[in-house]
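Engineer: Residue strings, one per chain:
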Amino acid sequence: MKFVCFHLMPYRPLDLEAAKKYRSAWVVLPNSFYDPEKGAAEYESYLDQLVYAEQLGFDAIGVNEHHQTAYGLMPAPNLIASALIQRTKKVQIAVLGRALPLVNNPINIAEEFAMLDVLSKGRLIAGFVRGIGAEYHSTGVNPAFSHERFHEAHDLIVKAWTTPGPFEFEGDHFRLRYVNLWPRPYQQPRPPVWIPSMGSRETVVWASAPERKYPFMVTFSPESAVVRYHNMYREAAQTHGYAASGSQLGWAAPIYVADSDARARDEAKAGIESLFNNFLPMPYEMLLPPGYTSNASMKATIKLRPALGAWPRKQSIDELIANGTVVIGSPATVREKIERVRDQTGFDILITLLQFGVLPDHLARRNMELFAGEVMPKLR
Amino acid sequence: MGADRLVTRGVSVRVRRAGSGPPALFLHGARGWPGWLSFFDRVSQRYALTVPEHPCFGASDDPPWLQDVTDLAMYYLDVLDHAYASPVHVIGHSLGGWIAAEAAVRNSGRIGSLTLLAPAGIRVKGVPPGDNFIWSPEEGARAAFYEQSFVEARLKETPASETDLDIELQNKLAAVKFGWSPRWLNPNLEKWLHRITVPTQIIWGREDALLPSAYAKLWSEHLPSAKVSIIEACGHSPHIEHADLVGDEVLAFLAGVRA
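Residue numbers (numbering that gives the first Met the number 0), protein chains in the order written: chain A, 0 to 379; chain B, 0 to 258.
Please note: incorrect hints may appear among the correct ones.
[Said to hold, decoys possible] Below, in silico cross-link-like pairs of lysine-lysine (DSBU-like), each with a Cα-Cα straight-line distance of 30 Å or less:
no. : chain 1 : residue 1 : chain 2 : residue 2
1   : B       : K155      : A       : K298
2   : A       : K20       : B       : K155
3   : B       : K216      : B       : K124
4   : A       : K302      : B       : K155
5   : A       : K20       : B       : K124
6   : B       : K190      : B       : K124
7   : B       : K155      : A       : K19
Hints listed in this document are in silico derivations from the structure and should not be mistaken for laboratory results.
Can you make the complete structure from the sequences, with help from the hints?
Structural biologist: Encoded structure:
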C-alpha cells in the first residue's frame with residue numbers, strides 16, 4: 000500500500016461562532032475574518048508537517064486547490080508544491096488536484112506541472128479535478144460547461160506533455176494557435192495523473208478507460224460508498240477488457256490515531272466536527288449548481304440524500320466514525336478499519352488527512368507519528 | 000390554449016396559442032415556460048398570441064449548438080421569418096426581454112413593436128443584480144414579488160410529478176447556461192441598442208430585487224423614444240403581480256403602434 004500525507008490547510012483561527020452567521024465558509028464568508036499574520040503562522044506549521052511526513056516514511060505528500068474559503072488556504076497549490084520540493088528529497092509531491100475547468104488557458108496548468116516535475120526531478124503526481132460547485136460561484140465559470148471544459152482541458156494538457164510541439168489546438172472552449180511547452184515534463188511520457196472525486200459513474204468510466212487507467216481517489220465518503228466506487232471502477236475496467244490493479248484505487252479520509260479508541264475520539268472530536276460542520280457545509284445552490292452534475296445525478300441526489308439540502312447540517316464524530324467517513328481509534332482499530340475496506344476492494348493508495356479542521360499542531364504531529372509508526376508498517 | 004409544438008429549422012419547442020388578430024409573441028423569463036397567465040388572456044383578447052417555450056428549456060429541444068443568448072436571438076429571428084407573414088409584436092420578460100432586444104438590434108424588420116418587461120442583458124455599473132443562483136428557493140421567491148401573497152403561493156409550488164421535476168431541473172440548467180457569466184449580461188449589447196428602431200415600451204417593477212428598476216433609466220437613455228412605465232409596489236414580474244394594470248398598459252401601447 001502506498002501512503003500519501005495530505006493537507007487541506009484550513010484556517011484554524013477562524014471565529015467559528017461568528018462565521019456561522021454566513022451562508023457558508025465558502026465564497027461569501029468575509030475575508031475580514033482572515034488575519035494575514037495568523038495565516039502566515041498556519042502556512043509555516045502546515046509546511047513543517049508535510050516536510051515531517053517525508054522523515055516519517057510517507058510515500059507522497061499532497062496538497063489541493065480551493066478558492067475563496069476558510070476550508071483550505073491553497074488557491075494556488077503549485078506554489079505550496081514548489082516550496083515543498085525545495086525542502087524534501089525523495090518524497091513524491093501530489094497536487095490533488097488542479098481544477099481544470101476553472102482556468103481560461105489550461106496550458107498554464109500544463110506548464111506549471113511540467114515545471115514542478117522538472118524542479119523535483121520527476122517526483123510530481125498530477126491530480127485533475129473539476130473544482131467543487133462553490134468554485135463556479137467564486138470564479139464565475141459557467142457550470143453548464145464544466146464537464147466539457149474538463150475533458151477538453153485534460154486532452155490539451157496531456158497532448159501538450161506528450162506530443163512534440165509546436166502544434167495547434169482547436170477545441171470548443173480552448174483554441175490555441177501554438178502549443179509548445181518549455182519545459183517539458185521530467186517523467187516520460189508524462190507525470191502520473193490521479194483523479195480525486197466525490198464519485199460519479201461518468202468519472203469512473205472515463206478514468207478507467209484503457210488509454211488512461213488513471214487512479215481514482217474516493218474522497219470524504221462513507222465506507223459503503225468507498226467500496227461501491229472502487230468496485231464500480233473494477234467493473235468498468237472489466238467492461239473495458241482488463242483487470243484493474245489496486246494501484247488504480249485510492250481512498251482519501253480523515254484519520255486519527257491515539258493509544259486508545261476513547262482517547263482518539265475525544266482528541267479528534269473538535270477537529271472533525273469543525274471540518275464537517277463549520278468548514279465544509281454549504282447549501283445545495285453552492286454545492287451543486289445546475290450543470291455541475293447531470294440532471295439525472297442531480298435528481299438521484301435530491302431523492303437519495305435529502306439531508307444534503309437540510310440547513311444547517313450537523314454531524315457528530317460518532318456518526319462519522321460509525322459510517323466510516325472518518326477512521327479514528329487505536330492503532331489496531333484504525334488498521335482493522337483500513338484492512339476491512341482493502342479486503343473488500345483491494346485498494347492500494349491511502350490518502351491520509353492527519354490534520355483536519357481546528358486540530359492543533361501538537362495533536363496533528365503526534366497523529367502523524369502514531370500513524371506512521373504503528374499503522375503504516377503493518378499495512379505495507 | 001392547449002400545448003402544441005412549433006418546429007423551426009429542425010428545432011421543436013412547446014408552444015401555446017390563443018386569440019386572433021395581429022400576431023404577438025411572448026418570450027418567457029429564465030424560470031421557464033410560465034403556464035397560462037391572466038396577462039395572456041388580456042393580450043389575446045385583441046392579438047393572436049403565441050407563447051413558446053425557449054429551446055433548452057423544459058420539454059423543448061436542447062440543441063447542442065445553442066450556447067448563449069445571441070444564439071437564442073438568432074433562433075427567434077428564424078422563427079419570425081418562418082412562422083409569420085407580417086411583423087410581430089414581441090413581448091419579453093427578463094431573459095425573454097434580453098432575447099428580444101438581441102434579436103431587434105440584429106434585425107427589426109420582422110418586429111412590429113417591442114415590449115420589455117424588466118429585461119436582462121445590460122446593467123448599470125455599480126448596481127449589481129440580485130444573485131438568483133446563490134439564493135435558496137425561499138429567498139428566490141421572496142425576491143421575485145413585492146406582495147407576500149404571491150411569495151406564499153410560489154413557495155407552495157412543488158413539482159407534482161416526475162416529469163415536472165425533470166422540467167424544473169432542465170429549466171434551472173438552461174437558466175445557468177444563459178445567465179451565469181456574466182450574470183444576466185451581454186457586455187456587447189448596450190453599444191448596439193440604438194439599432195432598435197421599432198416602437199418600444201419598457202415596464203419595470205419599482206421594487207424589483209433581481210434586476211433593479213434603476214436599469215430602466217439606462218435602457219431609456221439608449222432608446223429615447225421608448226415609453227417607460229415604473230409600476231409601484233411591484234417586484235420582478237409586473238405582468239404577474241399587476242396583471243390587469245400591465246395588461247392595460249401593453250394593450251394601450253400596442254393600439255397606438257401603426258401596423
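Engineer: Would you mind marking each hint as holding or not holding in the structure?
Structural biologist: Against the structure, the hints come out as follows:
1. The suggested pairing of K155 of chain B with K298 of chain A holds, with an alpha-carbon distance near 20 Å, which does not exceed 30 Å.
2. Taking the CA atoms of K20 of chain A and K155 of chain B, the gap is near 27 Å; set against the 30 Å cutoff, the hint holds.
3. For the suggested pair K216 of chain B and K124 of chain B, the alpha carbons sit about 13 Å apart, so the restraint of at most 30 Å is met.
4. Of the supplied pair hints, the one linking K302 of chain A and K155 of chain B holds, its CA atoms being roughly 19 Å apart against a limit of 30 Å.
5. With a C-alpha separation of about 29 Å, the suggested pair K20 of chain A and K124 of chain B falls inside the 30 Å cut-off, and the hint holds.
6. Only pairs whose Cα atoms come within 30 Å are accepted, and K190 of chain B paired with K124 of chain B is accepted, the gap being roughly 14 Å.
7. Taking the CA atoms of K155 of chain B and K19 of chain A, the gap is about 28 Å. The hint holds against a cut of 30 Å.
In terms of the numbered hints stated before, the structure departs from none.
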